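Chains as they are written, first to last, in my numbering: chain A, 5 to 272; chain B, 128 to 354; chain C, 182 to 770.
Incorrect hints may have been included.
Here are the simulated DSSO-like pairs of lysine-lysine, each with C-alpha atoms no more than 27 angstroms apart in a straight line [unchecked claim]:
| hint | chain 1 | residue 1 | chain 2 | residue 2 |
| --- | --- | --- | --- | --- |
| 1 | C | Lys685 | C | Lys468 |
| 2 | B | Lys272 | A | Lys248 |
| 3 | A | Lys178 | C | Lys757 |
| 4 | C | Lys605 | A | Lys248 |
| 5 | C | Lys446 | B | Lys272 |
The hints are simulated quantities; they were obtained by calculation from the structure and are not laboratory data.
Computed from a predicted model, the values in this text were never measured in an experiment.
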Amino acid sequence: MPNLSRRSLIKASAPVGAALLSGAFPSTDAAQAEGAHMHTAEAPTTAAPVKATPNMPNMAANASNPSYLFLNSEEAAFIEASVARLIPADDRWGGAIEAGVPNFIDKQLGGAWGAGERLYRSGPWQKGAPTQGYQLPFTPAEFFRTAIAAINAELKAATPFARMSVAGQEAYLKSLEAGGKDLGGIPSAEFFAALWQITVEGFFSDPVYGGNRDMMAWRMIGFPGAYASYYDLVDQHGIDFQQKPTSLASDVHMHVHVHTEIPARLPE
Amino acid sequence: MIEMSKITSGTLISLALAAGSASAQETARQLDLKHGAMIAAQGTANVPACAQCHAFNGASDGSGAFPRLTGQSPAYLVEQMRDFASSRRDSAIMSPIAKQLSASELLDVSSYFAASDGPFPPLARADAATIKRGAQLAREGDEAKGLQACNSCHGPDGAGLPPRIPYLAGQYADYIKLALNMWKMGFRKNSPEAMKQVASKLDDRDIAAVAAFYQQVRDATDSAAAR
Amino acid sequence: MAERLKPVDVVTIGVGLTGAIMAKELAAAGLKVVGLERGPRRDTSPDFQAPAIHDELRFAVRKALMQDNVKETVTFRNTADQTALPLRRWQGFLPGTGTGGSAVHWNGQTYRFQPVDFVYKSHIEQRYGKNFADPDLTIQDWGVTYDELEPHYDRFEYLCGTSGKAGNIKGKIQPGGNPFEGWRSRDYPTPPMKETQYGALFRKGAEKLGYKAYPQPASTLSQPYTNPEGLTLQQCVFCGFCERFACEHYAKASPQTVILPVVLKNPNYEMRSNCQVLRINLDSTGKRATGVTYVDGAGREFEQPADLVLVTAFALNNVRLLLNSGIGKPYDPKTQTGTVGRNYAYQTVSSVTVFYDEDTRINPFMASGSSGTVMDELSGDNFDHSKLGFIGGAYVGAIMTNGRPIEFHPTPPGTPTWGLEWKKAVARHYNHTVVLTVHGMSHPSRANYLDLDPTYKDAWGMPLLRLTFDFPDNDLRMSKYVTDKTVEIGRAMGGTTVVGAPRKGPYTSTIYQTTHNTGGAVMGNDPTTSAINRYLQSWDVPNVFVIGASAFQHNGTYNPTDTVGALTYWALDAIKNRYLKAPGALVHT
């Protein structure tokens, strides 16, 4: 898989959104666009495009080409459409799409956790009782890939998930949640629970992981983020604490550097 | 230049709570930045102009005697002024001044400086090794001394953690040195459980290093507009 | 072929809280001590510094400070008629690893057990009769009394600098403290933590109903403190990243902050990290340990001979080591014989959620691991059970430790579990909700035990520990009673909606409910029902001591760590002043 153009795309989507807006973004050629991991993002077909408000993160920087490293375009289409239903936008606050949850999911599945870090992976495998927890052999990456492939295959003949109406998507998600469907060996309720969990993680985790853009979810609830020192405030009961949140990746100018592929550097 | 937008209702309440106001009615009083600017520029009947030492925009002169006030957390400024007034923080210069300001003058002038903007003077940088040691203390701490990273309370590279924790980024090295020594020697008594503990573990080289690091950590041409 | 190393006097298996305390004293007494720690060495600076440590995803959700399931886990089943399956991820409890162990990522909640806990069987029979408790419960006396442990509780609390207000000093009840607590010889080393908003709301509600609220005893310190080891802890800043995280401020008592730097300076002590102990080796009689076999980080196997082996590896690993080493007879639930693995217990935890309207701001992110306000009227046997049909109780309080949003985003009943209304409800309720904790006893039962799994192995080829556990019905009845009472407190707190969620069976490993795994190598006076004697010395192999919550005959109302610390100093006292002078069994039956 040729990586060069993907790298240049990643660099181009570095903090200076202006470069993209000005058209400096290197346009992808057809061969590259066919590459499994590029996806031209369009707004989810179901919801009306969300207008920018003070509460919305600046989406312009990544509007045309989020760089998926793991999800192929069919998987990304399902993920984008499903998370948009799980945590939708409204007129006050963005939802999972605006927060960058699909990007978070992509980076998690393509990273160490997706590959099975901290997972006991030896057999034999047996379907256990619910109290015994996860008992499938799949790593998270395999788990999502398998289940989404089964979903996409099932819906291929009818309407792909991304092209359903909002009501249709909600109904389909509810049917997954209710269980009873087998997705390539994965019970659908278990898949739904995992999809929901990773969506919540992508919504609320530190922006350094690629979700919770501009700390939108933290601003929505009033969580102050990574830098935390409250000795003088904790006994001011009920204080209206409205400070802007900080991220692990905040610098001294309160810019958040989310591009973890740019290597960290020791001070000179 | 005064940035009115920086003073939000949240700041009003934070300020007032920092100032110890008892009721919601008190906190709803509108801050008067123009009044604050006047006090800064001309003083009052009882106090000299802040600008004489701190400059009209709070940027002072880069020396150790007068800290940079520009854009400092408003609640922190109020708290320090109240501490000067009550002698919880004792300064031969600031205590008499703070005692002569009324509660509303104190709030207004503090919020004026909090909203102010101004350049960072081009001060001499320390050598690279000193700054590097300062960066280590700021970002990592020092296990042998039982010291945590300064940033853990003071925010990303010292950007501050309002309302109560001041910025160090861009504060003048000589002033940071002075403040740390004041805590270490017990002359500055507010925030004793935190700052005295930390200062006591720093030797002169460490103090110089931390001060040098924070003075230069911002871009010298940075201003509020870029934030 | 294992390389045989030069003999030493003492080996500790694990360099966590118990291993570090043991090592410090014995090295100071002139013995050559080796500490074998399975995980890596970690220091407060740089390893635990903020902001990096304030990463909810990495530490709270992905469990980065915990034992790595890839290499080793525990298998679990509720009952013996099921097949135990591996806990492929930690969810229900979170064993630590690395220097400091679980005492790095704990919350610092530091309670003593009650005097009646140590004579629980005698007490219950005396108060309620011999046939009152459910017959499946295997409660026993511990073989040691509270009075014997009191000076060791005191010593451990002064090691940690625990912040609190005494309720009973030498029998005299003190205002502001817990009037139900066992007597203590003096007040806490530092004053109580500041009261939080949720604590104050709880206090008002509880006191309205006549309960006496008191500040949760905290080893997240209220002020700077220099302990008897000469180490200085700093003041907690209520950062809200306590449990599952390490403290950047040197403000939480952990081996790193209270004792390890002293141990590491002693030339008599050597710590080896990334060393997995496989077993304790015995001589041909099977009654004397010759040392341990371990594998280092590069996969090389070593035999470390030692005169004294201290099993200080956390309750679960302690039991597994005994079983893998053939020390003591494994417990058989069918015949009720054997001692190693019996009386496993846990904690019976439930909650009550109090929703407020938007006028009441909670700021849950301003919290320490133990900045709560609690009450004790419903703990243990503090109330008359004679008409209630169960034994045991729970402490109740507002002990919220954080507002980290992946884990904490409460919504009232009736809220959809996802979608737009869910999102709106989260935004509406995040800063206006208090969660009360009901933290209850866990009684041992015949059917709950630990043994070796017949199928699953760790990365070194050793059998995993198998856990067979479900809540005894007694504990569920207890939970219902105390949770219902707590709902009344929630209403008295003025919430608009109060939701009680008592603990229901079956026990699930998928929902976190404390890492208070206790028992399995229990202490006692009777070698047929205990694995170790009252000095925590193995009945079977006298030069092996097993230190940790594995010693607990039951798990009391409270968090185990203070009692683990007290038992550690108690055992240390016996080792230094009696065992070393005359090695051999300290108790003869």
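Now for the hints, and whether the structure bears them out:
1. C:Lys685 x C:Lys468: violated (44 angstroms)
2. B:Lys272 x A:Lys248: Distance of about 32 angstroms is beyond 27 angstroms: violated.
3. A:Lys178 x C:Lys757: Since the Cα atoms of Lys178 of chain A and Lys757 of chain C sit roughly 64 angstroms apart, the hinted pair is violated (cutoff 27 angstroms).
4. C:Lys605 x A:Lys248: Given pair Lys605 of chain C, Lys248 of chain A holds - Cα atoms ~20 angstroms apart, limit 27 angstroms.
5. C:Lys446 x B:Lys272: holds (14 angstroms)
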